[in-house]
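S.K.: Just so we're on the same page, our numbering is the position in the sequence shown counted from 1, plus 29.
A couple of the hints might just be wrong.
Claimed, not checked - In silico DMTMM-like cross-links for lysine to aspartate or glutamate, where the CA-CA straight-line distance does not exceed 20 Å:
#1 K94 x D216
#2 K345 x E397
#3 K459 x E397
#4 K140 x D161
Note that these hints are calculated values from the structure, not bench results.
None of the values given here were measured: they were computed from a predicted structure.
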Amino acid sequence: MSSNASWLADPKWINAAKLVYRLSETNKFVFTVEPLCRLRTNCLPLAFAHLATIDEDPYAVVAPKDDIDMLPLAWIRHIEKLHIQYADDVFFAATTRQTLATISTVDDIRKEMGYCLERCTKVLNGIRVRADRLLDGDIGIPRDVPYCLIVNAALADNVGEVLLAKSAIRLLNEAAPHLRCIVADPDVDRTIVANASLVIIGPGGMLYDLDDHDGLSINLSNISSYFRIGFLAREYGIPYGVLGAGCPAAITSRLSKIFLQEALRDAKFIHLRDSLSLASVSDAIRLQSPTIVAPDVSIVFQDEIAKITQEPFQQKLMIACGSFNVKSIAEISHRCDMALRIVIQATEDLAWLKENQSELTALVPSVEIVDVHQAPISALFKAVASGDCLLSTRFHAMMIGIMAGLETVAVGVRDDKRHRVKQELRDKVKLTFIDSRVTSDNEFISLCCGQFMNGKRSQQDPGYSAEDLAGLRQLLRTATISVKM
């Protein structure tokens, strides 16, 4: 269930929330699921149980029965040590210490917990208990073929995340051509980790524990979802590494830092995509693995993108990708005398379009809409790189604009991933960064028009070269040289 308020309409979830609150008063931590782990400060995602042992301090677990496999393998092996307090057809609640009385009757517990115990037995016998969501789901997991498992957000209906996954595949195919690459989301079955030859966490900006750039609310779910994979790999003795990770802001929670330190303790390598990410991670944990800073892995597709810019196009074309003030982009298009193409990279962009399309078409009747959020990455390349200039709130559309040599304006907030690229590249490329928090609509329009008025595709140095990933390629070759065939 999503972390929004929809769970409040479900009696089973409401009851589970009451159990979490009740048990949080008598236990050091309650390990539970989103959104219940936000109820109190000692409520944590299930993956954080990797930091505890079943025989230590008083802990509690409140979770859907289908998620019992998300507990550490050591807990699953000794599941009989948990004292079941409550069970219904959806949830169970358990504690590591015996209590005077259970919440459910003994008969109800016996009846409802059979499913959980059966699921634990399957896990211990190496039998799959949950469906894998794979990027190429129709292909499935290869039998008797060594494979590399890549865990990122490629199934989140954002073609930018797919671009990251495909970039990782290309790099790993170069480093270890004997490995087949499988891309899955973080909610992966244990067997796909246990049977892998190598596990990769990333690429993507998953190193954060805040809800937003303001840092006003702690959210441990992202770190727990992705870096749980490090614990799973270690449980099964599978080598693992971090590829193309971004750290958008300081990691602030003490528990996040402890979790990350342990999750990355045995990583074969860590690749961070910018120097500020390295600084933030280094402030949070002690990096013990070979670590490198190199640009976003998407630049492995620079040659393909450059070829698109060599194709002839008739009209002057402004590309806009992301979410904007409709009146502003219409005004920029008119002032610069450019046709306008809206590129939909993710589901959020589609929601923005649905909300604003009538106004947009009224202001720019000839506007072209290109929806690539579920398309192959080649469609994203073509949609962006065939323009003369680019306005983007989307990181990977911006990266394509840079690689295509377009006059590019990226919109974000200071020190975010777009701003960091500008800081790293400085004046090597035609990239302008606009901080949306301190820029008025009129200033925004003027800045864009100043950049776009004479905008056209350029064959100048796009700012990246093959040498930028040379160190990363060498690190991957070294890390994979001993991976089993």
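S.K.: Work down the list of hints and note, for each, if the structure agrees.
M.R.: Hint check results:
no. : hint        : verdict
1   : K94 x D216  : holds, 15 Å
2   : K345 x E397 : holds, 13 Å
3   : K459 x E397 : violated, 24 Å
4   : K140 x D161 : violated, 28 Å
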